[in-house]
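Given chain D's structure and the hints, the job is docking chain P onto it.
Top line first, the protein sequences correspond to chains D and P.
In terms of our numbering, the first sequence opens at residue 772 and continues consecutively.
In terms of our numbering, the second sequence opens at residue 109 and continues consecutively.
Possibly wrong hints are sitting among the right ones.
Said to hold, decoys possible - Computed far set for chain P versus chain D, every beta-carbon distance over 12 Å:
hint, residue
1, Thr-177
2, Ala-179
3, Ala-260
Unchecked claim - Distance windows between CB atoms, simulated:
hint, chain 1, residue 1, chain 2, residue 2, range
4, P, Ala-218, D, Leu-797, 25 to 35 Å
5, D, Ala-836, P, Thr-177, 22 to 32 Å
6, P, Thr-177, D, Glu-825, 51 to 61 Å
7, P, Ser-267, D, Arg-839, 43 to 53 Å
8, D, Arg-835, P, Val-246, 26 to 36 Å
9, P, Ala-218, D, Pro-852, 48 to 58 Å
10, D, Glu-793, P, Ala-238, 34 to 44 Å
11, D, Arg-839, P, Ala-218, 31 to 41 Å
12, D, Glu-825, P, Thr-117, 46 to 56 Å
13, P, Ala-208, D, Glu-793, 31 to 41 Å
14, P, Ala-218, D, Arg-796, 19 to 29 Å
15, P, Ser-267, D, Ala-836, 38 to 48 Å
16, D, Glu-793, P, Arg-183, 18 to 28 Å
Source of the hints: derived by calculation from the structure; they are not laboratory data.
These figures come from a predicted structure and were not determined experimentally.
Glycine residues also receive a C-beta, built at the ideal position from the N, C-alpha and C atoms.
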Amino acid sequence: MSDEERVTALLDGALDAAEREEVERLLEGRPDLRAQLEEERALREGLRALPAPEPRPGFEARMRASLRADRRPSRLRFLLPLAAALFLVAWLRGVPSFVAFEVARDHSKCFSKSTVPAKVWSDDPAVVAAWFEKQGTRMPLLPEGAAHLTLVGARYCPLGDRSAAHVYYAGKQGRLSLFVVPGPVRVASTYDREVWGRHVHFLQTAGATVALVSEEPEIVNAFSREFARSVAAAR
Amino acid sequence: MTREALFETEAMPHLKRLYAAAYRMTGNPADAEDLVQETLLRAYRAFDRYTPGTNAKAWLYTILQRVRTDALRKRGRSPATVELEDDGPPVRGGQDDATAMRDLEGALRAVPESFRTAVVLRDLEDLSYAEIAVVLEVPLGTVMSRIHRGRALIRATLSGRKD
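Extracted from the complex, chain D is given alone in its bound form:
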C-alpha cells in the first residue's frame, strides 16, 4: 500500500491504531501528504453535499407494481396441484377399497335417519327400476327381497364426484343397501371388504358394478345369491 493510499484510509478511519499513529507521524514530515489529506477531506465534503438524484415520478409505484406481479403465483402453481388432484380422484374412484369405504359410509348415513331418505317409495322392483330409467340410469334386475328383507325405496346418493343409484332394503333382521356405481371400478368379478363393521360385496353384472352393504354378512350373502339367481333367470 502506498503512502498516498494510507492517507486516504486514514481520512476514512479505516486504519487500526498502530497504522494510524504511523501515518500521522509520516504526515508531519510530508507537506504533500498533508495537502492530499486536506484536499480529499474537502472533496469528500463536497461529494456528500451533492444532491441525490431523484427517480422520475411514478417510479416507486411502478416498482411496487412489478413486485406485486412477481408475488402473484403463476397459473402453473395452481394447475399442477389441480391436475395431480384430478388424477388422484380419477384413480381413487376406480379402487374397490376406496369405493367400499364410500358406499359403507353412505349406507350408514342413510340408515342413521329415522326414515331412509328415499325419493321413490315402493316394494315393487319394476317401479323403482322405472324411476331410475326416467333419470337415465339403466338398472340391473332388482330382487324383491331376500333374507326376510323387503324393498323399501331408492334415491341417488353422491359418492365423491359421482351419483350412484342407492336402493334400500329393510326388515326385522336388518337392512341392506344396493348401490349401482357408475364408471369403472377395478373389480374382476366379485370383491369383499369389511369397513367399520359393514360388510361390502361387489359384483359385476350386465356391465354395471353393484355393491351390497349390510352390517350382517349373512344378509349380504343371501342377497348376492338372490341377485345372481334373478340375473340368471332374466337371461
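Structure of chain P alone, referenced to chain D:
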C-alpha cells in the same frame, strides 16, 4: 410478520438510496430504474436467504452491483468503459455553489466506473471499507486503492478545470 411486510420494512426504505447509487453507476435515469427494479426483484426472490435485522443496505448494494455486472457482461462491456449520457441531477443553490456542484458531478462522472463505484459507495452512500469489499467482492486493499485512485482522478479533473 409476512414475507411481504418484512420486505417492505427491511428493503423498501433503501429504494431512493439505491436509485441514487444506480444513477451514478449508469449515468442515466432509465438504466438506473431498470437496475433498481431488477435489484429489488432479485432481492425479493432471495429474501428467504436474508436474515432480518442484519445489514440490509450492504446486502442490497451487493445485489445491485451483481445486476450491474451481469448487465454489462451481457452487453460485452467492462465497468471501466461506461459512457455517461446526461448532465446529472439538477443542482440548487447560489450560482457559484451550483457551478461548483455541477463541476464536481461532472468530474465524478468522468471517473471510470470501477473507481467511481468505490467512491460513490464510500462518500455518497457511507459504506465502510469492509462493506464495500463485500459489495464489490474484492479484497480490502483493492477497496482502499480504488477509493484513493477515484478521488485522485476527481481532484485532477477539477484542478484541470480551474487551470
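Going through the hints against the structure:
no. : hint                                  : in the structure
1   : Thr-177                               : holds (21 Å)
2   : Ala-179                               : holds (17 Å)
3   : Ala-260                               : violated (8 Å)
4   : Ala-218(P) <-> Leu-797(D): 25 to 35 Å : holds (30 Å)
5   : Ala-836(D) <-> Thr-177(P): 22 to 32 Å : holds (26 Å)
6   : Thr-177(P) <-> Glu-825(D): 51 to 61 Å : violated (25 Å)
7   : Ser-267(P) <-> Arg-839(D): 43 to 53 Å : holds (49 Å)
8   : Arg-835(D) <-> Val-246(P): 26 to 36 Å : holds (33 Å)
9   : Ala-218(P) <-> Pro-852(D): 48 to 58 Å : holds (56 Å)
10  : Glu-793(D) <-> Ala-238(P): 34 to 44 Å : violated (21 Å)
11  : Arg-839(D) <-> Ala-218(P): 31 to 41 Å : holds (39 Å)
12  : Glu-825(D) <-> Thr-117(P): 46 to 56 Å : violated (23 Å)
13  : Ala-208(P) <-> Glu-793(D): 31 to 41 Å : holds (35 Å)
14  : Ala-218(P) <-> Arg-796(D): 19 to 29 Å : violated (35 Å)
15  : Ser-267(P) <-> Ala-836(D): 38 to 48 Å : holds (46 Å)
16  : Glu-793(D) <-> Arg-183(P): 18 to 28 Å : violated (44 Å)
This entry does not satisfy hints 3, 6, 10, 12, 14, 16, going by the numbered hints stated previously.
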